[in-house]
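Peer 1: Protein chains in written order, with this note's numbering: chain G, 766 to 891; chain Z, 12 to 371.
Just so you know, the hints here were simulated from the structure itself, not pulled from any lab data.
It is possible that part of the hints are untrue.
Unchecked claim - Pairwise CB distance ranges (calculated):
1) G/K883 - Z/P346: 49 to 55 Å
2) G/E855 - Z/K224: 31 to 37 Å
3) Z/K224 - G/V858: 37 to 43 Å
4) Z/Q139 - G/K795: 48 to 54 Å
Stated by the list, open to error - So these bits of chain Z aren't anywhere near chain G, every CB distance computed over 10 Å:
5) K16
6) I24
7) Q139
8) K171
9) F174
10) K179
11) H182
12) K191
13) E221
14) S258
15) D315
Unchecked claim - Keeping only pairs whose Cα atoms sit at most 25 Å apart, straight-line, the calculated SDA-like set for lysine to any residue is:
16) Z/K16 - Z/V217
17) Z/K370 - Z/E320
18) G/K825 - Z/F33
19) G/K825 - Z/W36
Predicted model only: the values in this text are computed from it and were never measured.
Glycine included, C-beta positions come from ideal geometry on N, C-alpha and C.
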Amino acid sequence: MSVLKFSKTHEWAQVENNLATIGITDYAQKSLGDIVFIELPALGSKVKQGLQFGTIESTKAASELFSPLSGVVSEINKELINNPQWVNEEPFVRGWMMKIKFENNNELNSLMDEAAYKEFVKKEAH
Amino acid sequence: MELKKTPLYQKHIESKAKIVDFGGWALPIEYESILKETREARKSCGLFDASHMGEIRIEGKGALAFLQQLTCNDISITKKGQLQYNLLLNDSAGVIDDLMIYNVGDSFLCVVNASNIDKDYTWLKAHQTAEVKITDESPQTALLSLQGPTAVNVLGKIAKSAFVSGLKYMHSIEEEIAGKKMLISRSGYTGSDGFEIYCANSDAVVLWDEITKAGKEYGLALCGLGARDILRIEAGYPLYGHELSDSISPLEASLNWVVKFEKDFIGKDILLKAKAKGIAKKRVGFIMEERAVARQGYAIYAGDKNIGEVTSGTFSPNLDKFLGMAYVDCASSAPQTPVTIKIRDKFYKAKIAKFDFIKK
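Can you build the whole structure from these sequences, using the hints too?
Peer 2: Following this line, the structure appears as structure tokens:
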């Protein structure tokens, strides 16, 4: 069974067993504006929870992407590189960025579930 | 400090614009999507609130001679109803500001960058001669810019006389819209056909409403600062604070066409010397060969030699290219010169290009 988790830096992780698919949230893409460039990590590279795994650029600015979990990159969304607008159009579907094999289940507990994230966004928006 | 608001601020809020602090002004950066607005302004038309821009009126018997001395283009060749792109230079021939000067017959209206209003006004006052009156009309003047191929249709629908569609590029007329007197010019900051309309603050909302209503059938989009910036980069127009500054000369800025050496003006001697000696760096355009946004301040290399830096960079949705403007050593400034641009820790390939990107 899969669970959807969220970080305070507005990334989401769809977790199934020890595989997590990672992207940014609808709130994040809306605040960034039109996405024109994405830089993703190399296959097999290690990412750390809370640390940068890539860069995303909108028409307004460049921003860092932070990994919600630690692990090894097992797949990246290569098509997204040439279609960065997918992050705006479907942040949870075609806008996924990478899949990682993660090691530490405790890290999952530090992330928010959907209800908690909605509350978090409400507070941040004010 | 509280942000300054244009008379259209409430309109922007109603239209759900994203408001940002732009040099102390609360202005929309986008309404819905910068890229969409940029495309629509190029394809049909876009409406911009440019009321933050400054308007300084120069009048009196000595006005022409005064402006001739203070600016490097030749304003004496303009007739009533014409406007001219011009530059205010300091004693070292650096650009104090770039401006549009309207010859409206009995006076000249200088339209200047919002961030430079105080600096320009102080400079003008410091050089004021007899029989010249200088008035900053910025606080009571609004400016709407209607840009794009269908702009002429929109304006034709709301202007009192049909003359508006016959107005020539870089010409202006006084015209009534919704019973209010306005100054309209065929000009703009996008490189497309378009109009700029000046009115009293109190008439701005009515004008905005008239344009948006008439624009419905012509694909009018409300456009924010984000679209304005991409459109001007696509047209190769410099922006003060990016391509122009107090320490950059018009020759370096590749604005030689604005410098008229046949007349006297502040900074002329310095420019003549620079011209004779040759300049070291100049403004160019560049087009990325790879997907990457090169932003202001990023270093440019020819081989392993640092030859300059980016002053503006963006993704152009109309050309589907990453491009921008830069200052580079003249030796590497020819179009097609291969360069690399350092973005974060990587080097991305680019080519020097002419900067009127949309004309190609």
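Peer 1: Is it correct that the beta-carbon of Z/Q139 has no partner in chain G closer than or equal to 10 Å?
Peer 2: holds (41 Å)
Peer 1: Just checking, Z/H182 versus chain G, shortest CB gap more than 10 Å?
Peer 2: At about 33 Å from chain G, Z/H182 clears the 10 Å cut-off, so the statement holds.
Peer 1: Would the hint linking Z/K370 and Z/E320 be met if the CA-CA limit is 25 Å?
Peer 2: holds (24 Å)
Peer 1: Measuring Cβ to Cβ, find out whether Z/D315 lies farther than 10 Å from everything in chain G.
Peer 2: holds (23 Å)
Peer 1: Taking 10 Å as the cut and beta carbons as the points, is Z/F174 off the interface with chain G?
Peer 2: Nearest chain G Cβ is 37 Å from Z/F174, so the label holds.
Peer 1: Hint says 48 to 54 Å; check whether the CB-CB distance for Z/Q139 and G/K795 agrees.
Peer 2: Because 50 Å falls inside the window, the suggested range holds.
Peer 1: Examine each Cβ of chain G, and state whether all of them lie more than 10 Å from the Cβ of Z/S258.
Peer 2: Z/S258 clear of chain G: closest Cβ-Cβ about 26 Å, beyond 10 Å.
Peer 1: Taking the closest pair, is the beta carbon of Z/K171 still more than 10 Å from chain G?
Peer 2: Check passes; 38 Å lies beyond 10 Å.
Peer 1: Would you check the hint for Z/K16 and Z/V217, treating anything up to 25 Å between C-alpha atoms as holding?
Peer 2: holds (17 Å)
Peer 1: Any Cβ of chain G at or closer than 10 Å to Z/K16, or is the non-interface label fine?
Peer 2: holds (21 Å)
Peer 1: Is 37 to 43 Å a correct range for the gap between the Cβ atoms of Z/K224 and G/V858?
Peer 2: For Z/K224 and G/V858 the Cβ distance comes to about 38 Å; the hint holds.
Peer 1: Given the hinted pair G/K825 and Z/F33, is their alpha-carbon gap at most 25 Å?
Peer 2: holds (13 Å)
Checked against the numbered hints given earlier, the structure satisfies every one of them.
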